Amino acid sequence: MDEKKTRVLVSASEQTEIARAVLIWLNTYEDKPKKVDFEYLGKTSGICVSVVQAAFKTRQYITGGYEAQFQFQVVLRLIADDVEKRLKADEDLNKLGEWMEANVSSLNLPNGISNSRIRRDMAAAIMARYDNNAEDHSITMTLTYEVI
Amino acid sequence: MADINFNTEAGRTIARELLIAYLNTGTASEPVWSPIGKRVEDSDTEYDWDTETKRDILGATYGRMKKPTITQTFDPCELDAGDVAQQKLWNLAVKEQDAQALANQDMLIVHFYAGSNFAERYESCMIEITGLGGEGGGDIEMPINVTYGGTRTTGTATKAAGGAITFTADP
Numbered sequence: 001m002d003e004k005k006t007r008v009l010v011s012a013s014e015q016t017e018i019a020r021a022v023l024i025w026l027n028t029y030e031d032k033p034k035k036v037d038f039e040y041l042g043k044t045s046g047i048c049v050s051v052v053q054a055a056f057k058t059r060q061y062i063t064g065g066y067e068a069q070f071q072f073q074v075v076l077r078l079i080a081d082d083v084e085k086r087l088k089a090d091e092d093l094n095k096l097g098e099w100m101e102a103n104v105s106s107l108n109l110p111n112g113i114s115n116s117r118i119r120r121d122m123a124a125a126i127m128a129r130y131d132n133n134a135e136d137h138s139i140t141m142t143l144t145y146e147v148i
Numbered sequence: 001m002a003d004i005n006f007n008t009e010a011g012r013t014i015a016r017e018l019l020i021a022y023l024n025t026g027t028a029s030e031p032v033w034s035p036i037g038k039r040v041e042d043s044d045t046e047y048d049w050d051t052e053t054k055r056d057i058l059g060a061t062y063g064r065m066k067k068p069t070i071t072q073t074f075d076p077c078e079l080d081a082g083d084v085a086q087q088k089l090w091n092l093a094v095k096e097q098d099a100q101a102l103a104n105q106d107m108l109i110v111h112f113y114a115g116s117n118f119a120e121r122y123e124s125c126m127i128e129i130t131g132l133g134g135e136g137g138g139d140i141e142m143p144i145n146v147t148y149g150g151t152r153t154t155g156t157a158t159k160a161a162g163g164a165i166t167f168t169a170d171p
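Chain order of the listed sequences is A and B.
All residue numbers for the first sequence refer to our numbering, where the first residue is 1 and numbers rise by one.
All residue numbers for the second sequence refer to our numbering, where the first residue is 1 and numbers rise by one.
Please note that a few of the clues may not be correct.
Stated by the list, open to error - The following label-pair restraints were derived from C-beta to C-beta distances:
1) Asn103/A / Asn104/B: 38 to 48 Å
2) Ala102/A / Thr130/B: 30 to 40 Å
3) Tyr47/B / Gln53/A: 35 to 45 Å
Claimed, not checked - According to the in silico footprint, chain A covers these stretches of chain B (three or more CB under 8 Å from chain A):
4) 11-22
5) 32-39
Keep in mind that the hints were calculated from the coordinates and are not lab data.
Source: prediction; values computed, not measured.
Note that CB positions come from ideal geometry on N, CA and C, so glycine has one too.
The following block holds chain B by itself, in its conformation from the complex:
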């Protein structure tokens, strides 16, 4: 597979909002991609490669690594009736306490800065709601931990004028 070039101007850094995670709030066959992280100021996908190094009897060092386990935290995530992804997760976690559903969520990471909006779909992500509350006089917060998992499908994403995302898998 050919390398993908960044589609932004050379010499300039790339804006954070060009990397967005979406939760499927529709169905598997007719997905509706709703962004996660409204009002979150800082969030990274963290790659755990499960690395191991060893030194042989000749003194040379070798490393071993596995495909990464990718996790991401969205904190604090203030509740907002206009946040579709948040409402779906609130229903699954707080109302239903449906652990099985929460461990099998369909998510899409879109890299709007790469190629023709390179995207990765993970069909069985584990989403953990780690709390619900906040300080007096403030807002209700619901921090979210995501572990991306299941089948990984790469492709591209397009964003319509109204913000609707369409994912097209690579052939």
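Bound-form chain A, shown alone:
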């Protein structure tokens, strides 16, 4: 029988600090459509960071340190009443994802956290559509970091 390891979460305070750092960092992106919020979108427009799942440890080192992953989405809400606006929404999010990958060194993580890497888990795509023609498009990212 396969031995299943329990997924060990990082502390709540660490996750909060990571999320805060990511939010501040995303707001330094010059081509953002508007100020990036945290888990909040307006009725017809907005962009926000949303936590996908609790940050958890992926490797535990014998010296006491660990590697952890923080998975989040950037969600863009807009009124998309034609194909071009939908394509543009995904294009903007994909560009933001590439910017994150290329600029992770400027992500200012709390003390004791280092060696961060970030990757796009998938290309941007539509996530939800509403009666008022608003649509949510999102890109999912995984931030890997170490506490040593």
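Given the structure of chain A, go ahead and fit chain B onto it with the hints provided.
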């Protein structure tokens, strides 16, 4: 010599990070103890007692064993400029290929869970770098095999706030 008690709370298991191996990256008289095994997830000291058993003509079994040869593997050991021990070993093995130096390294095993941090110093350890490389897109790895050897000195270790280790030999 009196037995040493574990200094952790009874009924709880003991965390792995309370058993750390250090390499002397300073000198014999002024050692600087640098931890080995950063980013290693699983590593054991293995004790080979060179055991032998025999059964006499009356049917009784007797065993014989020698003092152990202790070995330990640290794998994969991703290279990191902040890992002082790793850089010393890389220079000795990869740059200098200095087999004699690698066969005479000064190491310290600290048992932070036992007594007042029971420690064992082995002054002539053989350290073997068994590879250097890794998969594409990954990190450079440098697995390390250690055979603890030479004079064994027991004592205690203290850890300063910044992580510096001081070893004090038993009188």
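Hints and how they fare:
1. Asn103/A / Asn104/B: 38 to 48 Å: 46 Å, holds
2. Ala102/A / Thr130/B: 30 to 40 Å: This hint holds: roughly 36 Å between Cβ atoms.
3. Tyr47/B / Gln53/A: 35 to 45 Å: Holds, at about 42 Å.
4. 11-22: holds (count 5)
5. 32-39: As far as the stretch 32-39 of chain B goes, the hint holds, because 4 residues have Cβ atoms under 8 Å from chain A.
Violated hints are absent here; each numbered hint is respected by the structure.
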